[in-house]
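*Asks:* Residue numbers (our numbering), protein chains in the order written: chain A, 1 to 317; chain B, 318 to 544.
Honestly, the hints are just simulated from the structure, not real lab data. Given the structure is predicted, the values throughout are model-derived calculations rather than measurements. Please note that the accuracy of each hint is not assured.
Said to hold, decoys possible - List of simulated lysine to aspartate or glutamate pairs, DMTMM-like, C-alpha gap at most 25 Å:
| no. | chain 1 | residue 1 | chain 2 | residue 2 |
| --- | --- | --- | --- | --- |
| 1 | B | K429 | A | E130 |
| 2 | A | K192 | B | D500 |
| 3 | A | K287 | A | D53 |
| 4 | B | K367 | A | E285 |
| 5 | B | K429 | A | E126 |
| 6 | B | K367 | A | D251 |
| 7 | A | K192 | B | E363 |
| 8 | A | K30 | A | D76 |
| 9 | A | K30 | A | E285 |
| 10 | B | K367 | A | D53 |
| 11 | B | K429 | B | D371 |
| 12 | A | K287 | B | E459 |
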Amino acid sequence: MITLEWLYLLTGLVFAIWTVLSARDASNGKRWGNAAFWGLLSASFLFGLYLSDLANGILVLVLVAIAGFGGLGRSDPPTTAPQERAALAARFGNRLFIPALAIPLTAVVGTLLYNYSPVGQWGLFEPRRETLILFGVGVLLALALCHVWLRPPISAPMQEGRRLMDSIGWAAVLPQMLAALGALFAAAGVGKVIGSLAGDIMPQGSVFLAVLLYCGGMAMFTIIMGNAFAAFPVMATAIGIPVLIHQYGGDAAVIGAVGMLAGFCGTLLTPMAANFNIVPAALLELKSQNGVIRMQAGTAIPLFACNVAIIYFLAFR
Amino acid sequence: MNYWPLLGIALVVVGFALRFNPLLVVAVAAVVTGLLGGLHLVPVIEALGKAFNDNRYISVTWIILPVIGLLERYGLQERARTLIGGVTGATMARMLALYLVFRQLTAAIGLKDIGGPAQTVRPLVAPMAEAAASQRHGTLTEDEREQVLGMAAATDNVGLFFGEDIFFAIASILLIQGILASDGVVLTPLQLSVWAIPTAICATIIHGARLFLLERRIGRQHAGDRA
Chain A
1 MITLEWLYLL
11 TGLVFAIWTV
21 LSARDASNGK
31 RWGNAAFWGL
41 LSASFLFGLY
51 LSDLANGILV
61 LVLVAIAGFG
71 GLGRSDPPTT
81 APQERAALAA
91 RFGNRLFIPA
101 LAIPLTAVVG
111 TLLYNYSPVG
121 QWGLFEPRRE
131 TLILFGVGVL
141 LALALCHVWL
151 RPPISAPMQE
161 GRRLMDSIGW
171 AAVLPQMLAA
181 LGALFAAAGV
191 GKVIGSLAGD
201 IMPQGSVFLA
211 VLLYCGGMAM
221 FTIIMGNAFA
231 AFPVMATAIG
241 IPVLIHQYGG
251 DAAVIGAVGM
261 LAGFCGTLLT
271 PMAANFNIVP
281 AALLELKSQN
291 GVIRMQAGTA
301 IPLFACNVAI
311 IYFLAFR
Chain B
318 MNYWPLLGIA
328 LVVVGFALRF
338 NPLLVVAVAA
348 VVTGLLGGLH
358 LVPVIEALGK
368 AFNDNRYISV
378 TWIILPVIGL
388 LERYGLQERA
398 RTLIGGVTGA
408 TMARMLALYL
418 VFRQLTAAIG
428 LKDIGGPAQT
438 VRPLVAPMAE
448 AAASQRHGTL
458 TEDEREQVLG
468 MAAATDNVGL
478 FFGEDIFFAI
488 ASILLIQGIL
498 ASDGVVLTPL
508 QLSVWAIPTA
518 ICATIIHGAR
528 LFLLERRIGR
538 QHAGDRA
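With the rest of the complex left out, here is chain A:
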């Protein structure tokens, strides 16, 4: 059976190659910082399963120290010039899209085939991990396709990949780090405290204020945690279920589903949701780290008001 661990080994290998290329890149003044950072990440993927929790924890702290004190530099491996790219684009045409689209297509069509055909019974992939594993398969397929068709220099895929990886830099591990922060928040009982505070300031007698507090709590807690999944259990058990559903007799399906979506409005507003907000800003090389959030605020705020109205009018018909 192909498990997630296989994909981790592949990822560890990719980071290991970036480590070696970084260390050999004399044009980057901070090459040892880059090599150490990607090297530690590579070690985490290759050996994380076998390291003790404490060793993994120390690895994380060193990783953070390298990035936090400016140890990472941006590399600039040799590539094609803009005019060359225009000429190549004209030569290869729309077929250039095929390898790019092959990756999501492999992941999506593969998942559908796997789940809705007898192939799924073979137990080929680790359960519930098939999409991510098929994403890895898609990347390998696309690389093979590019290699046969474009005949790039052998080092080109990894050097071009390294250029993008270095432009993202430390932001690449921020989403994973935030997930770890969520785990520590949970262990320290942050959710329980917030839930009880929200319950304490709960005004009596006004359905509208209760709905507003429930949705506002979902959005606020999501902004803090970067993830509506962490907010929902807290706000549902503090206000949604006891007050809106039981006390005021609201429709549970509306309150549950739309409450979660009020949280998603918070996701659009927070740098803590790094993979949706900070990583794309880095990938698009925006000047402002908050360039994506800035464009989302105008959608998130009115949409939040819509969610409050939907619950107020449709859950209490």
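Given chain A, put chain B in place with the hints provided.
*Replies:* What follows is chain B alone, placed relative to chain A:
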């Protein structure tokens, strides 16, 4: 009740506001929160290491970069720009609105992995939006360019968030079902997921309108250029 762990949240807010390195802020907040929650230093570091290790699947997606980088070397972004330039009547707003609806509809039938910042936004959607805007309005200013690129990423997020919950077999719907069920409120995933539709429609209207407003604002700024 122990309110001290809330200081961890304050640390994150202050750290982000003062523009310290976010990775550093998050790690310090995690350690401090654990300590204030009553754990000792070694168990805190262990918890951090375990959680980081358990969440490695989040960072796996970077293995896509060699493919995207290689295709960019061969002119992928340039080709995306040419393609949109060849469509008569293609504007930034229309193109992004189309992508918004496409992303919502595909996510609604469970195909949420069809897009994403590295998968579609950087190689395709962002260069297409930029090309369409500059073709119609002339060279964009630095700030306008930032807005168009930011809007491309924003559109991908909005389309995903307010489409995915219409699909019943998605983690967030199953989480809602589980939490409600643990309190004796039993619902099927389908009963929940239909209630994602009203918000999805609002999202299409609000975000769609904003795309056309951005187009108009850029058009006004450049009205003098062509005269």
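*Asks:* Now look at each hint and say whether the structure bears it out.
*Replies:* Results of checking the hints against the structure:
1. B:K429 x A:E130: holds, 14 Å
2. A:K192 x B:D500: Holds. A:K192 to B:D500 sits at ~16 Å (cutoff 25 Å).
3. A:K287 x A:D53: Distance ~37 Å between A:K287 and A:D53 Cα, so the pair is violated.
4. B:K367 x A:E285: It is violated: about 32 Å lies between the C-alpha atoms, which goes past 25 Å.
5. B:K429 x A:E126: holds, 20 Å
6. B:K367 x A:D251: Violated: B:K367 and A:D251 sit about 39 Å apart, past 25 Å.
7. A:K192 x B:E363: Since the Cα atoms of A:K192 and B:E363 sit roughly 22 Å apart, the hinted pair holds (cutoff 25 Å).
8. A:K30 x A:D76: OK: A:K30 and A:D76 at ~12 Å, within 25 Å.
9. A:K30 x A:E285: OK: A:K30 and A:E285 at ~20 Å, within 25 Å.
10. B:K367 x A:D53: holds, 5 Å
11. B:K429 x B:D371: holds, 22 Å
12. A:K287 x B:E459: holds, 9 Å
In this structure, the hints that do not hold are numbers 3, 4 and 6, in rising order.
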